[in-house]
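Enquirer: Now for the letters of each chain:
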Amino acid sequence: MTSRKLLAAVLAGSLVAVSACGSGFDDDKSTTQQSAGPADLQIMIASSGDAETKAVQAAAAEWASGSGNKATIIPAQDIVQQLGQGLAGSNPPDVFYVDAARFADYASVGALDPYAQGLAGSDAFLPNLRQSFTYDGKLYCLPKDTSTLALQINTGLWQKAGLTDADVPTTWDQLRATAEKIKAKGITPLAIGDTRDRIGAFLVQAGGWWVSPDGKQATADTPQNEQALTYVQGLLKDGLAKYPKALDAGWAGEAFGKGKVAMTIEGNWIKGALSADFPDIKYKVVELPAGPKGKGTLSFTQCWGIAAKSKFKQQAVAFVQAMTTADEQLGFAKAFGVMPSRQDAQASYQQQYPDDAPFVAGARYAQGPVNAPKMDSVLADLDAGLQGLQNGDPKAVLQRFDKNAKSALGG
Amino acid sequence: MKLLNRFLGYAILTFFAIVFLYPFVIQIANSFKTEADAAAHPLSPVPSPFTTDSVVRIFEGTGFPTWLGNSVLVAVVVTLSRVLFGSMAGYALSRLRFRGRKFLFALLIALMAVPPVVLLIPKFLVLNQLGMYDSYAALIVPLLADATGVFIMKQFFDSVPVSVEEAARIDGAGAFRTFWSVVLPMARPALIAVTILMFTGVWNEFPHTLVAVQDPGLFTLPRGLADLVSGSLGAGTQYPLKLGAALLATIPVAIIFVVFQRYFVRDAAEGADKG
Amino acid sequence: MALSRRAPSTRSGERVAGWLFVAPVVIVLGLFMLLPILMALWVSLTRWNGQGSPFTGDVPFAGAGNYTRLFTDEGLTRQDFMTSIRNNAYYVFFVVPIQTVLALGLAVIVNKRKAFFRSAFYFPSVTSSVAISVVFLFMFANGGAINAILSVFGISGPQWFSDPRGVIHLFLDSIGLVDVNAPPSALADHGVLGLSWWDWTSGPSVAMCAIISLVVWTTSGTFMLMYLAALQNVPVQLEEAGMIDGASRWQRFRYITLPALRPTTFLVVTLGLIGTWQVFDQIYVMSQGNPAKTTLTPAFLSYRTAFRDFDYGTGAAISFVLFLIIVVLTLFQRWLTRERG
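Residue numbers (the numbering used here), protein chains in the order written: chain A, 1 to 411; chain B, 1 to 275; chain C, 1 to 341.
Some hints could be false.
[Stated by the list, open to error] To spell it out: a stretch of chain B is covered by chain C in this simulated footprint if at least three of its residues, at any positions, have a beta carbon under 8 angstroms from a beta carbon of chain C; those stretches are:
#1 16–24
#2 55–66
#3 72–79
#4 151–164
[What the hints assert, rightly or not] Under the rule of at most 27 angstroms between Cα atoms (straight-line distance), these lysine-lysine pairs were calculated in the BS3-like manner:
#5 A/K293 / A/K216
#6 B/K2 / C/K114
#7 C/K112 / B/K102
Think of the hints as simulated: they come from the structure by calculation, not from any bench. Ideal Cβ placement from N, Cα and C applies to all residues, glycine included.
Using the sequences and the hints given, assemble the complete structure.
Expert: See below:
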């Protein structure tokens, strides 16, 4: 009996001790001890592939040797999880990519340092991108780049299927008709990613979207959205479109690069990935076919976030500034195909890459991601529904999203 | 009739032996294929053309060397400490009379039943709170002792007559010296069994590393492998590379298995007894 | 015990030595098993979002809220949790009987034969679950080994890891009872605990079947060894008596061997039940709960809820529910084996 009490006392004691020592350094979020002089920056990136990892590593190394600091790039496999553990462990990387879709989550819990607010030169960035990274009236971080979705066509397979430039689809009906012609030649017509980040484009083309423009209401269950999902479902059911997994590929670009499909819907990043992994493939890029309500595509953007708990904020800001110069952005554009987030750099980008006109054109009518805190599990559930779209009920998927989103948005 | 039965028996055995071993053949063969060959002929046991390209890329293009180093470090340190601490505690629980002994043993049995997967969040919380998260300490310290090792050692000491150490104790040797120079040498077979059991367990340990570290420089082989497989966008399927890395991670355990087969078999049988 | 024989000094020496000897184990297990469990119990009662320490006053207290959201409150949390319970229940329902029968069968044919086979069947059990998952991912790829074998028999294999359809549904569909694409509204429109009857009765998805076969393949060897150990103890006289009676091989197995193996079968089944509720590594590596959440299990859901959604309270609550399930099974198993001894 005594030993039991003793053990209990020891455990209780250690619990108190542990809690006490934990709270000692955890409580003050705002005043992390800052270190001047040479920094050892940890930079976590959610890389789109080897091309991006290598380009960022090279740029960081150049900055490090030029400024006398150290900069370590950590390519995260799953940045949400790795960053989450880092933040909970009070040990986040100094600088990290923040996706526009997750930005509100991080900003709302105080994980980000709003370094970009009032930073000289921040108005050089595209206004709609700056808006994506503004929370409570403060600009938190500088947009890294942007990209939009477009249609990629494998010109070799195109010819093999007996198609010409005149067959390039510009409407849903044409897309279907062309796909049927390709399928008749024994080629899989289209690879499309099985998430909202690809299929969502069809919603925009049908004149719908998951949530209202202010992001406060769930608006999935509408005839427009149902029409869009039913159209995609039809492509899947008839074998005119396939998800990457069904093609033994990690993502649609891989299936495209291996020549398994004639078309795919991906963003600017596919350029870098294709030239690195599948340099021999010949393809061209066109705008996405228009739906019943006209043209529509999705845009994506990330920013260079700086941790509120970083010990090297001053150096981190210097690093971000070095990464976001017009020259550096054009360098990244060259390396892995993203579009610059700076207005001045975008102009020269358009001149240098006329082939990317469809991506640039898309930016004018693109829809940004759903951006509200606490939506991640709802959106993950939506993706699960989309994975089962081929045999599922489009209306049920949309209704389920509305129900879940409502409770998350508190509306 | 008898001959037919015999033949049938071996036919069934051979069939199952193929089912259980052919996946390893596939793994080995495809590690040395080109990606196109692996995709086109996944079943073929002969790479054509034979290439060590993926092995080269494993060592040059991934964190494999780092993971390997970490795995060796963790496995060696943890195994040694588990064997030492486990046999000390097993000995004490079996032979030394001290207050709380029965209670401790009951607690140990209870802890053995705690499933590791429910400890994921708890372990993260404590590592985080102690400021150990994302360090070698986080990777190693929580694994340093293990209830099963203690249990096996206690069962072993229970089954051995007391007479020898009794003599040593009457000699006036201290408890630790008796343990070190009389008890441990005597416990050799049990120590070998526990060492093997612990080494393979730690070498293959995955969930712990998931909540203990996130810096790729601290990854062990299973963690690195898991990251390699979940494949970031654009990394592609790269099956020869992944299979090769998995193969290299399996080799140490395979060697130990072949050398110490009889101990493995005994461990499992003991598992049946301890129930 | 003959305590009186010793001098008092030895006894007190033993007392100190005893505690010194167990101290390392007590400290490590106390600090990294008992203490964390208490901490997680606390977190499961809060809404800690992963920022700063969970043990301060500013963390919102949720009471039993995280637990009621799993069972009684309508919403995504309960839906996900119940989906994971369904998936894992089907997984258990398939893995445990198959691996038990396979283990017994292997033990019977291996018994008194070459040790090579015993080792061959056991080897998969000692390899890393992560490494072996990689191999099976490759084998179950759409153009992979399994589908290549199936095509030899004229079967066009499924797209294993992207097929969320349940096998019970597919079976009912194939005999024309229901249409997978248009579920009967009697089942689809009503339900319990956040899932429709249609969802509850799906059976494991095609993707889950790939994971089931992996697990059966890796664990059968271990259980085979337990059966082998027990087979050595089946009294020879019984077998011989059976032979004299002229009983057939099958009759001898059915009426003599099998009853003698009953305690082992109980053990194998309960150990199987305990193990299968803990499936995590394979899910993490092979499917991450996809496609369409049909390989989501409570263990993986708990991990994902905490580390991806930053909802550590709910994640910890799921862990404790899982813990409870396993503890009940363990107590049941201990009770059974006590009966035997």
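Enquirer: The structure should be examined with respect to each hint, and the outcome stated for every one.
Expert: Hints and how they fare:
no., hint, result
1, 16–24, "holds (count 7)"
2, 55–66, "violated (count 0)"
3, 72–79, "violated (count 0)"
4, 151–164, "violated (count 0)"
5, A/K293 / A/K216, "23 angstroms, holds"
6, B/K2 / C/K114, "18 angstroms, holds"
7, C/K112 / B/K102, "41 angstroms, violated"
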